Each structure stands twice: as C-alpha cells, then as structure tokens.
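Colleague: Residues per chain, in single letters:
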Amino acid sequence: MAGTKNVIQTDILCVGAGIASLSTALALLRALKARGAAALPRVTILEKGRSVGNHVLSGAVIDPEGFAGLLTDEEIAKMPIEARVSKESFHMLFDAGRSMRIPWVPPMMQAHGFPVGSLTKLTQYFAQLCEKEGAEVYTGFAAVELVEDSKGRIVGVRTGDKGVDHQCQPKSNFSAGEEIRAKAVVLGEGACGILTDKLIARKGLAGRRGQSYAIGIKEVVEIPADESRVGEIAHTFGYPSDWATYGGGFVYHVSPTQVMICFAYALDYAHPETDPHALFRQFKAHPAVAGHIAGGKSVAYGAKVIPEGGYYSVPQVVADGALIVGDGAGLVDTLRIKGVHIAMQSGRAAAETLADCWTRNDFSLEALKPYDGRLKATTGWKQLKRVKNVRAPFSTNLILGVLSAGCAWATRGAIPFWPVPMEPDDEALLPLKGGRVKPAAILPASPTSPDRLTDVFLSGTIHDEDQPCHLKIRDRSTCAACVTKYGAPCQRFCPAEVYRLEDGHIHVDFSNCLHCKTCQIKDPYQNIEWTFPQGGDGPRYTRM
Amino acid sequence: MAETPIHIDPSKCKGCKKCITACPFDALYMDGKLAVVKPDECRVCNACVKACPFKAISSRPAESAGTADLSAFKGVWVFAEQHGGKVREVAYELLSTGRRLADDRGCELAAVVLGQCVSDSVAHLIAAGADKVYVADQPELAEYEANVYTDALSQLIAKYKPEVVLAGATAIGRAFAAKVAVRERTGLTADCTALAIDRQTGLLHQTRPAFGGNIMATIMTPKHRPQMATVRPKVFKMSTPDPKRKGMALAEALTLVAPSTRIVKSSRNASTVNIAEAEVIVAGGRGIKKAENLELLRRLAELLGGVLGVSRACVDAGWISPAHQVGQTGKTVCPKLYLSFGISGAIQHLEGMRASDTVIAVNTDPNAPIFDVADLGIVGDLFEIAPLLIEALESRK
Amino acid sequence: MGDRPVTNDFTGRGMHIIVCVKQVPNTANVRINPETNTLMREGVESIMNPFDEYALEEALRLKDAHGARVTAVTMGPPQADAVLREAMARGADDGVLLTDRAFAGADTLATSYVLAQAIKKVNAKPDLVLFGKQAIDGDTAQVGPGVSEFLGFPLVTYVKSLRIEGDTFRVATQTDEGVNVIEGRMPAVMTVVKEASTPRFATLSGWIAAKRAPISRWGAADVGAAAESCGLGGSPTKVVKIFAPPVKTGGIRMDGRKEPSVAIHAILKVLHEKGVA
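Going down the list, the sequences are from chains A, B and C.
So in this note's numbering, spot 384 of the first sequence is number 384, and the numbers just go up one at a time.
So in this note's numbering, spot 197 of the second sequence is number 197, and the numbers just go up one at a time.
So in this note's numbering, spot 207 of the third sequence is number 207, and the numbers just go up one at a time.
Treat the hints as calculated values from the structure; they're not laboratory data.
All of these numbers come straight from a predicted model, not from anything done at the bench.
A hint or two may mislead.
Stated by the list, open to error - Here are the simulated lysine-lysine pairs, DSSO-like style, with alpha carbons at most 30 angstroms apart:
#, chain 1, residue 1, chain 2, residue 2
1, C, LYS241, B, LYS237
2, C, LYS125, B, LYS159
3, A, LYS297, C, LYS194
4, C, LYS194, B, LYS265
5, B, LYS265, A, LYS472
6, B, LYS17, C, LYS241
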C-alpha cells in the first residue's frame, strides 16, 4: 500500500526497544550531556510489541560487567531484578530418571553474585531511564522496511500498515504506514531480525558462516513461597537432547514465589520428529528438575530463538547509515549462554560512535566505522572470540563438545584454531524413517506441564484475526513434498501450534504466533517467510 | 490539595505488616519499620483500618452528611418496567426477591408502574408479592424517556420515601436508575447478584461482580436513602404467583417535565442481539462438524430464549460470523446459562465463558477440559442429546 | 503537583465535543488470589477503557465531518495522563487530567460530580459530552447518566451511530429488542456502544505530536469541587468486602451414551431450577 503523506524526521532511529537499542539510546544521550553538548539529538525508538518488553524473552542471569559505564550504582541497586545468584549447580541428565550432579560448576559458567531475573522487566526499566533522558519510545509500530536513498545508504524505515483485512483490503480504520528518516539507524531487532537479515544479505555483510540458532522455550512458574531458594540456579545438559544436538535447560529461582524454567534446543537437530515443546515438558518432568517447581503452577510462557553461531557468524556491524547491535548481530556467548551484557556493551560502543558523529555532524560510513573497532574492544567480544569453536563440535556429539569446550577454555580460544564447520540449520534435517511420523507420547497435562495450546494462552499472544496471514507459505505444492519426506515438521517445531496438518492441508493459525522465527529458520525447504503482522500484535510478555 | 484520607499514626504503627496483607490494591508498603500508603493506589476501602491490631490506621475523609432522618424511609420498592402495557419479566423476578427483603425487614413491598394503559398489570404485581402498587397512568409516560421517567420516579420517592428501590438492569433501567440516584444524591449499585437486608438497621447488602467478573464486591449505602440497586434479568428466580394475595393500588397523577428527546423510529430485530449481553447461550464447537448442523443449536437457543454462540473452530471453518464467537479473541460472555455442545474447552475458549453462572456441557470425549468447568457434564453425542432436548422442550410449550 | 493548570476557553468557537475517557486495568487478566483475597495485578497493563475508544471515535468522526474541537477528559491518578495522550494521538485536540488526592475512592456519584464540574469549566455549553457505555473495571454504566443529571443535559444511551445537523442530533441506539432512532437538541450527553464505528489507530506522527502537547491538570480547587462531594467522602456507596468469585470446578458428570433420556432429564432439571425452562 503506497502513499505515505509526510516523512517524519528524527536524528537517531532505533529499531526495536530491546536492551541493545535502549542501551544505545541511554548511553548516547548521557555521553553527550557529559560532554556538555550544545544540542541533543532527537532519539526515536520504535517497538513492534504493544508495550516495551512484550516481545523480550531471555533467561536471564546477567553478567554485571555489562552495566559498567551505562548505569549508576544507584540505578543498578534500583533495578527490578532483586535476586542475585547464590547457589549454582550443574547436572548431567542421562535419561528420564537418572542424573548426576557435576561436582563443580565449569569456571566459564560460574555466575555467583550475578543478577538473575526478568529481562522483560529490566527492559522496561531501561525504557523509563531512556525516556527520562529525553529519548522517545513508540510502541505498537513495526518497522517493516528499510528506506534507502539513491546511493544505497540507509536513511530510515517505513512502518507497517494497520487496519487491513484478511483479504488484504483496507478496513474502515485503515492507517497507512509512515516513513521516518534519521541521520543514522540503529538496528536492535533481536535474533533473526527481519530488516537486519535483509540488510546483511543485500549488502553482503554476513560473517564467515551464516547464523545458527537454538530455540529457547520458557515458562515462569509460581511456586509456594520459599525465601530460602531465591538466587539458586541450576543448569542441565544431556536428556532430553539427543547426543548430537546442543541442548540444555536451566532453572532460576528469582523470587520466593517465582521460578524461571527453560529448555533450549539447537535448531540444527536432525530428527524430523523432534518436538521442542515436548522436550521442554520432558525436561520439566525429570526428577532432578521437577523438585524446583513442585506444587507450582505455570503462569507465563514464551519462546524465542537464540543466536548460536558465535564469533564466526557475527556479520559486519556497520553499513552506510546503519549500525547493528545486540542479538541481531549474534552477540551471544554460547558457552555461558549470556548475551545481555554484550548487548549492553554493543549499545555503549554504538553510542560512543554516534556521539562523535553528532558532535562533528558527520554520519557518513567512515564516521560510523569506528563502532566496529569499539565493539571489538569490549570484554564481551573477547569472550565471544574465546569460545568461537566451542559450540560447533557439539553438533557432532556431546563428548566431543565438552572436550572441545574445555580445550578452548584452557587455551583461551587458541585451540581449536580453525573454524569448526556447522551445518546451516535448515539443511540439517534428515528424512523420516519409515515414511511415517511415530505418534508422540502423550504427557498428561498438569499445572506445571500445560499442553502447548494452554501455554500459548499463557504467553498472552494476541493478534487481530481479521488481517492477512503474516506467515507466508511461498509454494503450497512444496508442502505436499514436505509432508511425505519430513512429516510436516512445522507442526512440531513451532512452539505455538501455529501449523496444523488437516486433511492434507497445512492450516496456519497465525494468531497463535510468538514471533520466535523458528519456522523461517528450520523449514527444510525454506518455504515459510515470516513477515510482520500488524504493529502491537504478538506476545504480551510481562515477566519473561 | 487535600491530604490522603488514610492516615497511619507513626506512634502506634508496630510494623506488623497486617495492613499490607489486608490491602486488596497493593497500596501499602513498608518504609523501614513504618507502613506507608501509596495514595495513587489507595481506593479507601478501609480494609487496612479494620486489619490493624493496634488501631494505628484511621480514615478521615471529608464526609457528606448523608440523607437527613434515615428513619423516615420505609418500604422496599420494585420499579416495574413495562413495554406496551406489559410488565417485563425482570420486575416479577425482583418482586420475588423484594418480597423476601420486605419480610426480612418487616416492611411493605411496593411496585411502581409508569406508563399508559397499565392498569391490568396491577393484579399481576400483587399476585407476585406486592402489598401496594403505585400507578402513574399518563400519556406522557407511554414511552420511556430519560428526563420524564426520572422526574416521575423522583417525585414518587420524595413523596413516599422508600428505604430500598430495586430496578431491572435493562438498557432502560440502568440509565434511568443512575439519573434518579444522582437526583436523590443517593447510592446505586449496578448488576447485583445477591441482595440481603439487615432487619435492625435496614442496611441493604449488595453483592456484585467487578473487573469483568473476576472479582466480587459487597457494597452498602450506609448514610443515604433510598438504597438503590439494579439487578440483571434472570439473576433472581421468579416465584409462583399467588392470585389470592391481597394488595392496594394507588393511582398517582403527576405533573411532569417535557421530554428532552423523542423516538423517531423503533424496530425489533433479534439478529442484532449482542451475545455479550445474553442471559442464555447455546454454543457449538468443532463437534458440530458442518455449518448446517448449527440450525439444531439455533432452534434450541430459540426455545430457551437465548442466543447462539460458537467456539473459534466454527468461525475459522467459515460456518458463522465472528459476532457469535465466544472466547479470548471473540466475545466474553456472562450468561446465566451456558449450554455447550461439541466444544472441547481449550483455555482460550474457557476465558470467554468463565463468568457463566451455570454451565452444561455435552461432549463425546470424557477428557475434554470443558468438563472441568461444567456444573453438569454429559459425556455423549450432541446429535442424540440436542434433538431429544428440543423435543422435550417443544412438548412442554 | 507543580504544574500550573492550563485553562482552555472554548465558548463560542464552533462545535465542541468533550469525551470522557478512563484508564482501566486490562480486566481480562485481573484476578483475586482466593487465599489472600488480594488483587493479583502482576503483569496487568493499563489501557484506555475499550468502550471509551468508541466514544472517542464518534467524536473524531464529527471532527472530520464538521471541524469540531475534541477535548478528552479523565479523572484519575497522575499516570492516567497516558490515556489522554492516546486520545490526542488519535486526534483529540486537548487533554484535561483531573487529579487530586481528594478524588480518591470515588463511587459513581462522586465521579459524576467531579466530571460535571470539570466539564462546566472546560465549556459551559459544549455540543456533546460522550462516554463509553461502561468502564470494564467498575462495569456500572452509571457515570454517563450521572453526568447528564449534574449538567442538566438530555441523555441518550447505547448510541451506535451519530449524526448532527445544526443543533439537532439524530442517533441510532441499541435496545434490548432492536434499534431505536432518537432525535433531540444539543447539548446532550451520550454513551456509546461497541456496535458503533471501529476506532481508528493512532498514527506514529499522531503519537509524536501528542507526546509534546500540553495537558491541563486540575485539582478539586481548580474545578470548584466541594470537598464533601468528592472522593470517598462524597460517595454514598461503600465497598465493604472484596472476594474471589466461586471457582468453577466440574460438578455432576453423567454418561449420556447408553441412556440419553436420563441425561435429558438432568438437563431439564437444571433448566427448571435456573428458571430458564
């Protein structure tokens, strides 16, 4: 739909109100104020969720070095994350019944004293701090397209239309998307960001490898009050992952009454019958895990992908007119499973560069390039580099992965020194054995093990149902081939029961979508394109 | 700017935190060892005042004086809404409840009828329990008009001083009772689901849902009269009329203000009924299998004086418009009776009908979650049960 | 509070519509913890009362058609200014926030009183004062009618479509049986239902402008509200108890497959008990 009336102008535009964008905005305004700048830039942050944090999902145990230089001590003390890691344990799960506690926590995973809590709430807190500094956050607006000038420089974004019916006709409340232009665009879309990935493809910014992902499936469980366990965290690996897939779970006691429980599974898994949500439920049912949530009730649910490619998958983070921060640049230390602190550090690095640009009124590509150097000087980057080959060997098997990880740690990333190859996620799937999908074992639903549809409800996800389906199946005839060869795995890898094979046809219940992007990543035929639904739609995470 | 009405005496507060636990609005917190009120959250419900064992909390708002001489107000009144000379059923339901309240209080029950050519209704109202019927039978009252009806009822209230006035929470009742309440500067509680009266004090205990039915509140009007309440149709049961009951009719001739609006056109159209307001809903789900089968449920709804609802599956299948969809993404309903056929009861659906008073569910799957919220659950085939039910209802008519 | 109240004087400046809006919790998610009897507000967001969105839309359509000025008014705590910004982002011209400790604990009478005082101050003779049918937290539908009484303006409820010609209005209203078409003269108070026009979205540029727009903040003294008529003190009704509604747990279960007539009998019994059949 064409016809944007007037173009909105701003100075710095951040796409996505996640921790990386907000850190950029916060650090930028504070840096310029500290420098006594004569005028401050207009900083506009666009968020497609209905409220800040609605589309934010993470663990999270946060490495506090990320706050350095960003928040004051008082602000850190006032964060809505009350718990600090007090006790940690590591467990190897062998099968549905047996497990072993590893006597010591691998040094790189140690997190004693780290804040542990909801990234959603922390993001909301950051947004408040940003607005106090003068940044403006607008929620319910999806940036659907990057706007380039005639020379191919990114000059802004266009937001999506609203009020379009399921047949793509304008409704009575149709509202055309608008164009907003800026001197620089900060892309903080998070993992598998649509605009970011398109930019990387178009401008050839990809790293040595394409990005690889894991799916993280998480619940917040309310338990009978237990003050004594606050700060206790546990990590597991092994069951229910198979031996050649990087997967593991964690349980965090973040308050006397709340436990965060999550299972992450690499999306380069091979078995087409894999159902990550079912694995999550098996994980919760394991005796070593069940004790953490005994007597409780799942009250919130969500899922999102985590970038796992690490160092070799990080794209170039500077383009003409744009900077990439946070998960969109794959800045996650996959061994420690920590990316929040690196996101914050990337935000600071971007902010310092933008502050220089603003002072000199020069936002050219040359002026933006120093962001790259600043990013690579951060401690987070160094951690990323150290574990650059830790993840890939796990895709062969667990033992090799552990040995490799230990090796990389011991040699500070020197060995292995070659990039261990990783198969792209969508190419890893093996065909169905025997041509049929085995009927999945039915786990009886319980307050701490809701079925998938109930979990979807707990995510709060809601979409205007009278709109075009945002999940585009490119070629329906491909679906038939996929059903035969792989058994329509979309039904199983989607954590929100969006895809349903009925009478030989794939039904798409798009209004269940959690915006996790798994379908786009894992589809073996790359037949699904994730596009933006109406701004404001999607999950409503409030304490993830 | 006024002070916050809730005052915590620091010399008496011992930091026991009982007030924090008692507060339903999370409006209290500890500042060191003392409890402090968050004025923006406080709704001045006084739960903390009652909870404090040390009497450290007091509530000191500027108070209105209330109605002078409460003892002059006697009697329970029921506003008998009528259309075209016929009194609506809700009035009879209210008279049954009014009778109980009047007996509990030891006072008279009266019905009030405003309209034209309404004298026939008197006998029915007395048979339904009224000791008196006040009738204003005038051409100006033929059709409801907010200003005129408000004037009429206010005049009668000023003349006779009832202690309690009840009205049906219909489209008319709710609006006009609200205007009367303001004119009388008294309290009105809407959509009551339970009513009880204290014999000694005459205080009416009014219970009603709030927050979309997710919480219940009990409300009183201690210092103002009359105590007014509206009640939704079908919430209270109509008792059997007693034609032998004796009562008195009093004709009132009122001088009324002019109407402020006029009805230009009036049409009856059942298809525009909003299921969110319906008292009886017959709902179908995936088990219906075909669009044509919805006719079965439509007929049943008609026989029960209700409307047809559906779960999302039927709308997705294109069998019916989304206007009938019950559920998280459809409409939230709160009927007296929800009768479901072939609905499994996924939580998205349950969210939309959770506030139903009585749920009857029919499903072939004994593990269907709908049975967890059904007062009466029938494991069976809707294509057997529904026609039999229709037959039974038709034979009664 | 610190802000100097911004007085807006609208008399004699063309059509003027006042829309009363309310910030409410998204009640779909509000629950009471049955053990502790406390409201569980974790994760509950504040929104503009959905019915008020429809009232606002009617006002904005009149603005589109007749160039009317639209003023949004709300009574609430300081953070209620968010609904005024939302109203302005959609197209309302002004926002008035009535906020004062003295207003706390108000029932529908005290709320109607304060709103009426404020409306008189904004404009003694507006064309229309619009409300949503009811607020989804209180669910009373009493404030619109209450304000009409305090202002002495005609009242029309359940409006689903609205037209104006000169100083006359012509509206279609939803009744229990169908539709009524009603005419009358302005000024008038109306309550609007969800069968009215679909509310428009606020645009990004609308939000950007709304963020910068001034909002008037008035307290009891500014609107001349008598202390004993505001807030809890001015409320004849008092909440004496809040509790959780009875939780539905499965009741009687029957097998209707072998002997459906038994099941029919059971159903009819329930229908009779409930007075439905």
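Colleague: It remains to establish, for every hint, whether it holds in the given structure.
Modeller: Against the structure, the hints:
A distance of roughly 25 angstroms separates the Cα atoms of LYS241 of chain C and LYS237 of chain B; the hinted pair therefore holds under the 30 angstroms criterion. Distance restraint check for LYS125 of chain C and LYS159 of chain B: the Cα-Cα separation of roughly 33 angstroms exceeds the 30 angstroms cut-off, and the hinted pair is therefore not satisfied. A C-alpha spacing of about 35 angstroms is found between LYS297 of chain A and LYS194 of chain C, which places the hinted pair above 30 angstroms, so the restraint is violated. Our distance criterion of 30 angstroms between C-alpha atoms is met by LYS194 of chain C and LYS265 of chain B, whose separation comes to about 21 angstroms.
Note on LYS265 of chain B and LYS472 of chain A: the hinted pairing is violated, with a Cα-Cα distance of about 49 angstroms set against a maximum of 30 angstroms. About 20 angstroms separates the Cα atoms of LYS17 of chain B and LYS241 of chain C, which keeps this hinted pair within 30 angstroms; it holds.
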